[in-house]
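Hey, can you work out the whole structure from these sequences and the hints?
The listed protein sequences derive, respectively, from chains A and B. Numbering (full-length UniProt numbering) for the first sequence: 1 to 427. Numbering (full-length UniProt numbering) for the second sequence: 1 to 110.
A few of these clues could be false.
What the hints assert, rightly or not - Output of the computed footprint for chain A on chain B, the stretches with three or more beta carbons under 8 Å from beta carbons of chain A:
1) 35 to 46
2) 73 to 86
What the hints assert, rightly or not - A few chain A residues that face chain B, going by a derived Cβ cut-off under 7 Å, partial list only:
3) 42
4) 63
5) 64
6) 67
7) 68
8) 324
9) 325
10) 326
11) 336
12) 339
13) 380
14) 381
15) 385
Note that these hints are calculated values from the structure, not bench results. Positions of the beta carbon are idealized from the N, C-alpha and C atoms, including for glycine.
Now for the letters of each chain:
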Amino acid sequence: MSNGTLIVGGSQAGLQVAVSLRQLGDTSPIILVGEEDHPPYQRPPLSKEFLAGTAALDSLAFRTPGFYADSGIGLVCGERVSEVSLSMSGPPGSGVAMTASGRELPFNRLALTVGAGARRLPLPGADLGGICYLREYNDAANLRTRLSTATNVVVVGGGFIGLEVASAARTLGRSVTVVEAAERLMARSVGTVVSEFYRQAHVRRGIDVRLSSAVSGFQGERGRVTGVTLSDGARLPADLVLVGVGVLPRTELAEQLGLVCDQGIVVDAHARTSDPSVVAAGDCTVQPHPITGQGRVRLESVQNAVAQAQVAAATLLGRLDNVMSVPWFWSYQGDLRLQIAGLAAGYDTQVVRGDPADEHFSVLYYRHDRLLAIDAVNRPGDYMAVRKTLGQGASIAPDRAADPDISLRSLVDGPAPTAPAVQRAKA
Amino acid sequence: MGTLAKVIYIDSAGREYAVDATVGDTVMATAVKNGVPGIVAECGGNCSCATCHVWVSDEFAPVVGPPNDMEEDLLDMGVSERRGTSRLSCQIRITAALDGLRVEIPPEQP
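Structure (structure tokens):
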């Protein structure tokens, strides 16, 4: 009796677990089950190219339909797993899942790649028509339709999603206001210099940015939103509202299994949950810092979904790989291309490289003179150099990094690059 | 569906993958969607990760052309073995003139 692997969540992480299992030589059955009607697709373009009209759903699909059949990956779309349990008597990690429509999916191995859902605002009027969220394709399709006729767009939340949508709306000529509760934009993701740069840059492009502003409610007429009220009493006219105030990891199934959750499904560096026979990967997890191994972080990124899923697949096959991966992120807001490598939390020094005024600059973050991370705006070479450097366990001397005419690569210092890197450099 | 063009991917072991590509798609997307191994393309074609690096065959290099500015920076800083015909395959859009295109996949992506 071989039921193979059940992967719950038709996400980037879910697909990657399946693909990695096959690449590692696993020949047992694989079922990948997803709640959405669409085969796994890229989410990042939903708030960028898709809204701008330069990408359609077809172009976002990760694989051709034929790929799944050719690879022996059983793809189940449009079914939500509502219950899961592990067997008391069978092999460790085996069990059965049940979908909301009553379909039973037995498994010998289980991977949870269930992602996260958009956090909702529990405010008066929050269920009015025209108040949108953006997480899935259907959300994006709805938002794109409404954007085509909207006049006044209010974006609640000045994070990646909010600012990407604000940029797209502004490019379409809409009147756009961004309301952010914190005192700066993207506070969770970038440093203060970058936050202030983005505020000014968006204002230059005609977006009204309100910081330290909380929303207290929404007004509507005949079921449709007409305005947003701020806690200081100000009222913004709105016929379209996009709420982008973060996500909540989906932990319901993990909790059914009694797995430890702490603002996400807790996993170790091998993507193992508190029941080591069950793995989890992607936005639904919290994990040790991927470079230092310390503490607990939740990483919402494509890079993490892919890297963690690769590790999870190896773990399911009994291979405990020690993988150090450098987190990286990107957010393209119109013509402002932000690329981030590393995690800056805990930095004590920053080095600004280039002039923010010309919209090409980067900020390197250090702790005890050791490079932690970079935020790069329209400077992809800097970003790439830091990503490589962190991956080699090296650093970049801070004293000369501020000179934008000196290549960061020429400033890389110890520990010495590993042997293959030296050979490549000489080749 | 657009018209088709053949793209041949050659991995580091010399294995060839001939794929029917749709004109207008990128060389990267065509590889990924069809499961050609070695082109990772983590960022999905945003010119952000340099994990879709290929070496374009000499006969097609003039048709494909040189890297754009952003791509140039990533190639310069990111890839393990830069060659004269190195490109990021997410930045190569397939045209009828590229029917029969041959690209080599490096053994290592960043």
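So, going through the hints one by one against the coordinates:
1. Requiring three or more residues with a Cβ within less than 8 Å of a Cβ of chain A, the coverage given for the region 35 to 46 of chain B holds, as 7 such residues are present.
2. For the region 73 to 86 of chain B, the proposed coverage by chain A is satisfied: 7 residues have a C-beta within less than 8 Å of a C-beta in that chain, meeting the threshold of three.
3. Residue-level restraint check for residue 42(A) holds (minimum Cβ-Cβ distance to chain B is 4 Å; threshold 7 Å).
4. Evaluation of the residue 63(A) hint against chain B yields a held restraint, the C-beta minimum of about 5 Å falling below 7 Å.
5. Here the hint on residue 64(A) is kept, as its CB sits about 5 Å from the closest CB of chain B, short of 7 Å.
6. Below 7 Å, beta-carbon pairs count as interface contacts, and residue 67(A) has one with chain B at about 5 Å; its hint therefore holds.
7. The restraint placing residue 68(A) at the interface with chain B is violated, with a minimum CB-CB distance near 10 Å, outside the 7 Å limit.
8. Restraint check, residue 324(A) versus chain B: the minimum CB separation of about 14 Å is more than 7 Å; hint violated.
9. Taking 7 Å as the C-beta contact cut-off toward chain B, the hint placing residue 325(A) at the interface is violated, the least distance being around 11 Å.
10. Of the supplied interface hints, the one on residue 326(A) is violated, with its beta-carbon coming no nearer than about 10 Å to a beta-carbon of chain B, more than 7 Å.
11. Interface restraint check: residue 336(A) against chain B, minimum CB-CB distance 13 Å, threshold 7 Å, status violated.
12. Hint status for residue 339(A) relative to chain B: holds, with the closest Cβ pair at about 6 Å, below 7 Å.
13. A cut of 7 Å between beta carbons decides the hint on residue 380(A): the least distance to chain B is about 4 Å, and the hint holds.
14. At its closest, the beta carbon of residue 381(A) sits 3 Å from a beta carbon of chain B; the interface hint therefore holds under the 7 Å criterion.
15. At its closest, the beta carbon of residue 385(A) sits 4 Å from a beta carbon of chain B; the interface hint therefore holds under the 7 Å criterion.
The structure fails hints 7, 8, 9, 10, 11 (numbered hints given earlier, in ascending order).
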